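**Student:** Listed here are the chains, written in short residue letters.
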Amino acid sequence: MWRDLLGSREIAWRLMVRDISAKYRQSLLGIAWAFLPSIVMAVGFTLANNARVINIGFTGLPYPAYVMFSTALWQTFVEALNGPVQAVTMAKPMLARVNFPREALILSKMGEVFFNFAIKLILIVALFIWFRIPVGWTVILTPVSLIHLVLLGTLIGLLLAPLGVLYQDVSKGLSMLTGFWLFLTPVVYPVPKGGTFSFLVQLNPVTPLLVTTRELATTGIVSEPMGFWVVSAVSWLGILLTWIIFRLAMPFVVERVSS
Amino acid sequence: MTNLIKQETSVWNKDSELLIEVDQVSKKFCRDLKQSLFYGVQDIATELIGGNRNGANLRKKEFWALKDISFQLRRGQALGLVGSNGAGKSTLLRIISGLIKPDTGRVEVRGRIAPLIALGAGFNPILTGRENIYANMSILGLSKQEIEERFPDVIDFSEIGDAIDAPVQTYSSGMAARLGFACAVHIEPDVLLIDEVLSVGDIKFKMKCHHRLALLREKGTAFILVSHNQYNILNVCETSLYLAKGQLILSGETETIIRKYEEDLCLQGTETALGRITLPPKPKSESLGLDILSVCFQDQEGNLLPKVITGKPAYLSVKCQAYKHIKNINLGFLLSTTSEGESRILTITSASENQDLEIFPGIVEIQMQMSSCGLIPGVYSANIYLKEGVRTFDKIESFRFTVKSEQNTSRCLFYQPHTWKVINH
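As given, the protein sequences belong to chains A and B, one line each in that order.
Just so you know, the first sequence maps onto residues 1 to 259 in the numbering used here.
Just so you know, the second sequence maps onto residues 260 to 684 in the numbering used here.
Just so you know, these hints were derived from the structure itself, not from any lab.
Check before you lean on any hint, since a few could be wrong.
Stated by the list, open to error - Derived DSSO-like pairs: lysine-lysine, alpha-carbon spacing no greater than 30 Å straight-line:
{"no.": "1", "chain 1": "B", "residue 1": "Lys654", "chain 2": "B", "residue 2": "Lys543"}
{"no.": "2", "chain 1": "B", "residue 1": "Lys543", "chain 2": "B", "residue 2": "Lys646"}
{"no.": "3", "chain 1": "A", "residue 1": "Lys92", "chain 2": "B", "residue 2": "Lys465"}
{"no.": "4", "chain 1": "A", "residue 1": "Lys92", "chain 2": "B", "residue 2": "Lys478"}
{"no.": "5", "chain 1": "B", "residue 1": "Lys463", "chain 2": "B", "residue 2": "Lys478"}
{"no.": "6", "chain 1": "A", "residue 1": "Lys92", "chain 2": "B", "residue 2": "Lys326"}
{"no.": "7", "chain 1": "A", "residue 1": "Lys92", "chain 2": "B", "residue 2": "Lys504"}
{"no.": "8", "chain 1": "B", "residue 1": "Lys293", "chain 2": "B", "residue 2": "Lys320"}
{"no.": "9", "chain 1": "B", "residue 1": "Lys320", "chain 2": "A", "residue 2": "Lys172"}
{"no.": "10", "chain 1": "B", "residue 1": "Lys403", "chain 2": "A", "residue 2": "Lys92"}
{"no.": "11", "chain 1": "A", "residue 1": "Lys23", "chain 2": "B", "residue 2": "Lys646"}
{"no.": "12", "chain 1": "B", "residue 1": "Lys519", "chain 2": "B", "residue 2": "Lys465"}
{"no.": "13", "chain 1": "B", "residue 1": "Lys293", "chain 2": "B", "residue 2": "Lys326"}
{"no.": "14", "chain 1": "A", "residue 1": "Lys92", "chain 2": "B", "residue 2": "Lys319"}
{"no.": "15", "chain 1": "A", "residue 1": "Lys172", "chain 2": "B", "residue 2": "Lys293"}
{"no.": "16", "chain 1": "B", "residue 1": "Lys566", "chain 2": "A", "residue 2": "Lys92"}
{"no.": "17", "chain 1": "B", "residue 1": "Lys519", "chain 2": "A", "residue 2": "Lys92"}
{"no.": "18", "chain 1": "B", "residue 1": "Lys467", "chain 2": "B", "residue 2": "Lys403"}
As the structure is a computational prediction, the values presented were derived from the model and not from experiment.
Please model the entire structure based on the sequences and the hints provided.
**Tutor:** Written out as structure tokens, the structure is:
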């Protein structure tokens, strides 16, 4: 198992280079696509907030920056979530013909997620400079929580990937789910206090990871260390488990797609 | 070339290293898509909880795509797989390459396998040929360094030239296939699985492919070859398996296998090849002056020949009803094979041979006498017409007949009538 992972590094790298360069070569706006969703979302919510259409509490950061930064993080999570299903579905013909370590597909997608985040980072840095947001020393810890965030997304995606190849329902359901999930995650609003809604947001495993990443980058005070560690531990354990499931399930999937 | 390869590979004899061992392998498939997907989920679930999949029993709507197949492949050996479409050849290759798990039985593989089932796997149409070579070869299991070593050879072999830096979507299908083939054969695997890919590209490239395969064999690469072209298999493989509907019918020396396979192919057509066509007489108003009544083959004594035998005399007999005097009738006999596509193999017309065949009113029989039939066994289809100049009297689109043989004619394209003699001086 570990040997396969090691062996798939190179293939994963090749696939990643292939996918990324193909993506940008067939696009006019190119890397702008990494920023645009965050900017559009921020503009929309800032307008709504200023017009008092929605009422959002105190966010600690200037609101546009808050939305943009959070959206960038949320997008990274969603990419990690959709990555495995997408990768495996796209690679169907390849899976049906060549026996290569299937981990490579997942690794390559994770790599792509981090690459996209690196581009988003340009926006985030620009944002911090523009709004003169103070940055604490804890900013060097953000990669840890970011990795956990990506891991959580990949874990769920990986679990769904074999099923996603068999049934189209999975990818359709996933895009619907992420739309709903966004509202349960403190992306455009701060963490709510009290009430059923707050309870739901607290239950959401993305909340502690996303909030911690945001806090580490800005204030440096982690509001919910317990939640963060619990979700992180679950993510690490879960990814191991889903990896095994993925490995066991893939031969059956391959047999069905090509028969 | 064939003989050359054989001599050189005879070094790799029966005792050489065992590369592939297939033992009692079976695989079942389901024809219904929904059901098939559901079974997939079911299989995954039982596999995860460690249950018994009960692989030996068929579930509803399932059938055996492969049943109890066993064979071995040693270093330097070449094995041919023959069988009609849907016989399970590709499924067997996919099981060997590890893509799918057999439901029962066991497959053991030692060494690197390159599946030539997968020409251009992982090619992205937007990227250039160069980038795609890297992606493709790394999927096939090569490290970056190994790819770089082989890179010039691959480009050289594919004969793509300057187009290597153009996106693959601008390639012609032949170019893409050539690039794919070039990648695959440069992996230098221990076992090469080839599924119907030798029909890629033009004649020159095909020759090059065959040459390359011969070279790999000299180095000890083993082959499993699937082809519908018997000559490909005869040229490359010394042993073969004959599959039909997932069952292993016969295994052994390629020549025997191919003969059996060809015989079975012929048998499928014999119901319609009765050896005689009889047409109902036309009313005189529709007649153009000469009508074909029946067509058949006869022996020298005039008895009906249900099957023509290679090397033996056969007289084509065309019986007609003539209503007028025709000075010079032209009988055309255009022969095609039916077992392998449509291809004209013989054209005989009496006019081109300056034969003066004169017809008088009444019932006449025109014979085309072959003192020795030169056709090899198979089912043939003849188009027969009766003309005078450009005017057609009557014709038969397809007269199907079977040719049998009493001796071995595999590896022959036709039978050469001959006699033997020793002259002592």
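**Student:** Hint by hint, note whether the structure agrees.
**Tutor:** Now for the hints, and whether the structure bears them out:
Pair hint B:Lys654 plus B:Lys543 holds up; C-alpha atoms about 16 Å apart against a cutoff of 30 Å. Proximity of B:Lys543 to B:Lys646 is assessed by CA-CA distance (about 18 Å); at most 30 Å being required, the pair is judged to hold. Of the supplied pair hints, the one linking A:Lys92 and B:Lys465 holds, its CA atoms being roughly 29 Å apart against a limit of 30 Å. For the proposed pair A:Lys92 and B:Lys478, the alpha carbon gap of about 34 Å is over 30 Å, so the pair is violated.
For the given pair, B:Lys463 sits about 23 Å from B:Lys478 by alpha-carbon distance, which is consistent with the 30 Å threshold. A hinted pair counts as satisfied when its Cα atoms are at most 30 Å apart, and A:Lys92 with B:Lys326 qualifies at roughly 26 Å. The straight-line distance between the Cα atoms of A:Lys92 and B:Lys504 is roughly 26 Å, inside the 30 Å bound, and the hint therefore holds. With a CA separation close to 11 Å, the supplied pair B:Lys293 and B:Lys320 stays within the 30 Å bound.
Taken as a hint, the B:Lys320 and A:Lys172 pair is honoured in the structure, with Cα atoms around 29 Å apart against an allowance of 30 Å. Distance hint between B:Lys403 and A:Lys92 is fulfilled; the C-alpha atoms sit about 24 Å from each other, no more than 30 Å. With a C-alpha separation of about 66 Å, the suggested pair A:Lys23 and B:Lys646 falls outside the 30 Å cut-off, and the hint is violated. Our distance criterion of 30 Å between C-alpha atoms is met by B:Lys519 and B:Lys465, whose separation comes to about 27 Å.
Restraint check: the Cα-Cα separation between B:Lys293 and B:Lys326 comes to about 24 Å, which is no more than 30 Å; the hinted pair holds. Between A:Lys92 and B:Lys319 the alpha-carbon distance is near 26 Å, which keeps this suggested pair within the 30 Å criterion. With a C-alpha separation of about 18 Å, the suggested pair A:Lys172 and B:Lys293 falls inside the 30 Å cut-off, and the hint holds. For the hint pairing B:Lys566 with A:Lys92, the CA-to-CA distance comes to about 50 Å; that exceeds 30 Å, so the pair is violated.
Distance restraint check for B:Lys519 and A:Lys92: the Cα-Cα separation of roughly 37 Å exceeds the 30 Å cut-off, and the hinted pair is therefore not satisfied. Distance hint between B:Lys467 and B:Lys403 is fulfilled; the C-alpha atoms sit about 26 Å from each other, no more than 30 Å.
The structure shown violates the earlier hints numbered 4, 11, 16, 17.
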